[in-house]
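J.: Residue numbers (our numbering), protein chains in the order written: chain L, 1 to 336; chain B, 1 to 336; chain H, 1 to 336; chain G, 1 to 336.
Some clues are possibly wrong.
Which copy? The list can't say, so a pair holds if one copy fits it or any two copies do.
[Claimed, not checked] Here are the simulated lysine to aspartate or glutamate pairs, EDC-like style, with alpha carbons at most 16 angstroms apart:
no., residue 1, residue 2
1, Lys186, Glu44
2, Lys336, Asp54
3, Lys142, Asp90
4, Lys261, Glu165
5, Lys336, Glu44
6, Lys105, Asp171
7, Lys87, Asp278
8, Lys336, Glu26
9, Lys299, Asp171
10, Lys301, Asp171
Source of the hints: derived by calculation from the structure; they are not laboratory data.
Number of protein chains: 4
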Amino acid sequence: MIRVAIIGASGYTGAESIKIILGHSEAKVTYLTALPEECGKVEEVFPQFKGRCDMPIEPLDLGRLSDVADVALCCLPHKVSMGFVPKLLDAGVKVIDFSADYRLKNAAIYEKYYGTKHTDTANLKKAAFGLPELFREQIKGKNLIANPGCFPTGMLLATAPLLKEGLIETDSIIDNAVTGASGAGKNPSAKFHFPNMNENIFAYGIGTHRHTPEMEQIAGEIAGKDVQILFQPHVGAFDRGILSSVYCQPKGRVSSEQLLKLYNDFYADEPFVQIRKDPPGVKDVAGTNYCHILPASIKGKIVCFSVIDNLVKGASGQAIQNMNIIFGLDETLGLK
Amino acid sequence: MIRVAIIGASGYTGAESIKIILGHSEAKVTYLTALPEECGKVEEVFPQFKGRCDMPIEPLDLGRLSDVADVALCCLPHKVSMGFVPKLLDAGVKVIDFSADYRLKNAAIYEKYYGTKHTDTANLKKAAFGLPELFREQIKGKNLIANPGCFPTGMLLATAPLLKEGLIETDSIIDNAVTGASGAGKNPSAKFHFPNMNENIFAYGIGTHRHTPEMEQIAGEIAGKDVQILFQPHVGAFDRGILSSVYCQPKGRVSSEQLLKLYNDFYADEPFVQIRKDPPGVKDVAGTNYCHILPASIKGKIVCFSVIDNLVKGASGQAIQNMNIIFGLDETLGLK
Amino acid sequence: MIRVAIIGASGYTGAESIKIILGHSEAKVTYLTALPEECGKVEEVFPQFKGRCDMPIEPLDLGRLSDVADVALCCLPHKVSMGFVPKLLDAGVKVIDFSADYRLKNAAIYEKYYGTKHTDTANLKKAAFGLPELFREQIKGKNLIANPGCFPTGMLLATAPLLKEGLIETDSIIDNAVTGASGAGKNPSAKFHFPNMNENIFAYGIGTHRHTPEMEQIAGEIAGKDVQILFQPHVGAFDRGILSSVYCQPKGRVSSEQLLKLYNDFYADEPFVQIRKDPPGVKDVAGTNYCHILPASIKGKIVCFSVIDNLVKGASGQAIQNMNIIFGLDETLGLK
Amino acid sequence: MIRVAIIGASGYTGAESIKIILGHSEAKVTYLTALPEECGKVEEVFPQFKGRCDMPIEPLDLGRLSDVADVALCCLPHKVSMGFVPKLLDAGVKVIDFSADYRLKNAAIYEKYYGTKHTDTANLKKAAFGLPELFREQIKGKNLIANPGCFPTGMLLATAPLLKEGLIETDSIIDNAVTGASGAGKNPSAKFHFPNMNENIFAYGIGTHRHTPEMEQIAGEIAGKDVQILFQPHVGAFDRGILSSVYCQPKGRVSSEQLLKLYNDFYADEPFVQIRKDPPGVKDVAGTNYCHILPASIKGKIVCFSVIDNLVKGASGQAIQNMNIIFGLDETLGLK
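Isolated chain L, as found in the complex (with noise of 0.2 angstroms):
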């Protein structure tokens, strides 16, 4: 039974963790931590687990966890979990990641879009990208994964059988994609206060979201040259998910049906990855770990719709994918 830590336990992604975990067999949370003021009986936190988790929140202590965990989920916001995650890895547990702190390759680039220099190059450059469909084979005995973001996530496996193929231009991809509100997590603010959010849908982050370098630098290893995305995301009136709709530029001419027989030979042996012959809504996988994708070719372009639930395949979902594959179980438990 492997025992896992979930630090940063307060909000959205941990608390589907734990849900998640309470469903797998080989797995059992034995630690919860959080900032001392969002400590507490995780029911108090939040009353879904009334009965069903009647552990404590507790701020972090390394000598504990060392004792109690295995792996740590390491839910903890970007620039934060970098102070963090080199302690963890001392403390002897594996560590999977939530933030963006050990996804970009290139601290330089890190530094630009997170304004700050990182301080962690060393695991940085140990760290593995937990895309399994893409990278299952780096994965495999690690002792951090770096837990790709939401919108990555429904790009890549929206675009990677044709970045692999070498079937589009590479410097003009468009990912228009939308996501549900619980993306801008738990502390209520003016846009996602309810009568503000509902019945409503809207751009933001226009030209700067902190995904696009995350998306280029895995695009670009998946094809192998240089990609460049205008990545633009929208925020819709529902709870979860993600819907990516991406625009590409054949570089000849290709059918719908091609596209078809191509998406389900490359991700043939893919549990988690369906492709569809209509369109998927984000409906269809909430609360689950699927990604669904259906190709396009539509007036001389490509277009991919995928979708997801941003926080199961676009966080924690994919982080117990993950933690299955570093502990070498069947890759799917607790995740059907």
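Based on the hints, put chains B, H and G in the right spot on chain L.
T.: Coordinates of chains B, H and G only, in the frame set by chain L:
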């Protein structure tokens, strides 16, 4: 043309008032005020007014008010309002006050529920309760109107015919009400954070809601005797509306048909109250000043269902209906 | 491994049952049936099962059922179910029936509310009412379980301690309930057309809802005397959940603290019933088999608020809880 | 007072037209028609009009139309409309047609997309395209206006300044649009059944949406050359609004500041088009005839975000704006 000042224009009822007056043929907004930190162009506070209302929201200047306005819609919070209303009246404008400060005739009850001494009992005595369908004659000619609370409006219109005719026991009324989330106002909070409120419904204010004494006072006036009401509010995941399901114990047998006739007769001349034969939904009145009511006889009780828009008939629309009355205009101007 | 057939797998409760069993360590779905016109691969009917459950939904073949299943979850409509249940039992499987056909012990009341003669009174006598928290001992060892209605589940759990202890007048219970729209089933209709239902809430089934006699029968069994319930359902613009606000007249004075103690004691050993100190929301239990309850003393009445997920504790989850019981498994398997 | 008939009054655009005209000081509804099976009192079809509009909806009588109306808002479906419009014109009324039947000047393209021969090419030639911000002079004095489609309205207003000034490549425009569910009309269907549509967003009409040729024709007129548009609609779980995110390839470098200046100048005199500096949300224009636009320079592309209410600026509001123009009224009457 009636010149309208809105005091406290930066909240939802201020915005709704501006919107209604934009479509009013005999009134115009001439002055918008708020706390200094909430001032700015209207369109900066409420983007929906861009190009429709290009006025600034400014700190209140009583001298300026005298010069530019005939009436003030006072949208300040409870307890704050009574500090300003005497000054507004002294400035020579009529006042329609949205707070509870001039609704409760018994200052002792006010103090019990609001935890502070009433500081303007002189004007409290002069104020009319602004529910035109029940108190039109008292409203006419008044300089100060206490605009009713949203829940009392829905509950009182739903039961007035029964109370007036003495058909029900007055010690056993239960008002189970559900409001939309705009009722919580514009300040972000955890409960109304979209990911918490969306897809949710729950009770609040258990045993303590401040609208209870208001309902009991007015219901008592209508019935001519003491009335006891168990008022239980809930909030649901929709923007606008209050559904009141009011359970009453009849003194004798009464059929649904008799109730429909009673209600149709009672409200025959009321433009904004409509008696339905089927259950009304809050969406049927959203964005309007209407109240739809279905009374029914069920298992020996009388159950009355009423719906209003909490921001219109429950606040700004009713205020403008009152304004129309005190200025001798057609009561429905701007509200059809 | 328990082999589960789902009869009527093309509706929402069928889909929810499949989903729960996918995560159940001691059960697996072996047979899915529906009317011929609703058959096909599961993923064609419910895209969320693509890659998770690749079985066909087929017309029912009783011989096949005998061979492949130990238990049938019978998700057929009222009145249809009693035509099939005897055949399912004859095929040698245990049956958990989701319809009302085996809930009302008095066939005359059944005929009054369902407008047809009961055609299987022999099995009606043998069926247990599948609310484990109240009737666990009767459920054990039975071959036929009448899975409770969603509204009765919420109402009965909310009031059972009061009824059992004889603390309330049994002629005056009011259950004001609000269900999510999934309660209406999967067939499109004008009322549940998104633009009509969204942002709406309204009452329905005024004076006629068929869950009333079920509530009264079971509440009467618990209380040991006749119980009269005014049950008024409403439907709100959310997918899942039932909020029941139940108003009772206590025989004597009782404080909220006494109520909390009573409820905590009564449900101390029940994993799926949790007593709250604050008002529960339907979102707290969405997707789970839990029921959260807050009892309170308000203005001389007792008001009990309960929330369940109508598709889980109100249908498929409770069915699987019953299945666990009759097969001697840990009652919470697949449901934590 | 302009006398308005609404032909096809039983749908959402009919209802929205009635609502707008109720607040119009120089127009009144005098005749409502629909197919015989959809007739009845307005309030029976749309409860929100109870007490506000007590007219019947009747089968169309052309003689009656002549007597009582000056203009017909023809809200009939595509292909049906062209069978009625000649008769309406012959009856002596001006016609504003909501269907696509008079929008596509090239009858061959019409036949390709609508699968039927155009039967009224004579009037097709005489019709003006009713997008006042771009074609005001052509609209004046016309007897037949083709009211634009909702998606074309949002897309064309978003890009007109770029097309007019020749700033973008015209072979590479991508319009990624999201509409609210009211765009699907009032007939129930599985996709728009509340439990399916709620909490969902998905693409539809992949590669085939009929608004594409309309966009291309009008964009071509504005640009003075052929324009190719990849238009991809999506539908989200909200009632009203269209968010268009339009991606364009500029011919040269242009900054966001230059774009803002260009747009502010281009639309300086347009009451209903407002240029924003922050991303507009559909809620900012819900219930209004306004279009809010943000143009931005992002990674070498120009991205224009526009929002409208699909039922107002995308249908009934724009129709009444057109009506105001052809009758020589202030264009904003009833629409501020």
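J.: Against this structure, judge whether each hint is valid.
T.: Structure-based check of each hint:
In this assembly of identical chains, the alpha carbons of Lys186 and Glu44 lie at most 16 angstroms apart only when taken from the same copy (15 angstroms versus 26 angstroms across copies). In this assembly of identical chains, the alpha carbons of Lys336 and Asp54 lie at most 16 angstroms apart only when taken from different copies (13 angstroms versus 25 angstroms within one copy). In this homomeric assembly, Lys142 and Asp90 come within 16 angstroms of each other (Cα to Cα) only inside a single copy, at 14 angstroms, whereas the closest approach across copies is 56 angstroms. Taking identical chains as interchangeable, the C-alpha atoms of Lys261 and Glu165 lie at most 16 angstroms apart only when both belong to the same chain, with a minimum of 13 angstroms there against 43 angstroms between chains.
In the homo-oligomer, the alpha carbons of Lys336 and Glu44 never lie at most 16 angstroms apart, since the shortest distance is 29 angstroms inside one protomer and 18 angstroms across protomers. In this homomeric assembly, Lys105 and Asp171 never come within 16 angstroms of each other (Cα to Cα): the closest approach is 21 angstroms inside a single copy and 37 angstroms across copies. In this assembly of identical chains, Lys87 and Asp278 lie within 16 angstroms of each other by CA distance neither inside one copy nor across copies; the values are 47 angstroms within and 39 angstroms between. Taking CA atoms no more than 16 angstroms apart as the test, Lys336 paired with Glu26 passes in both settings, with 14 angstroms inside one copy and 15 angstroms between copies.
Proximity of Lys299 and Asp171 under a CA criterion of 16 angstroms is satisfied inter-copy only: 11 angstroms between copies versus 19 angstroms inside one chain copy. In this homomeric assembly, Lys301 and Asp171 come within 16 angstroms of each other (Cα to Cα) both inside a single copy, at 14 angstroms, and across copies, at 12 angstroms.
Figure legend: structure checked against the earlier numbered hints; hints not met, in rising order: 5, 6, 7.
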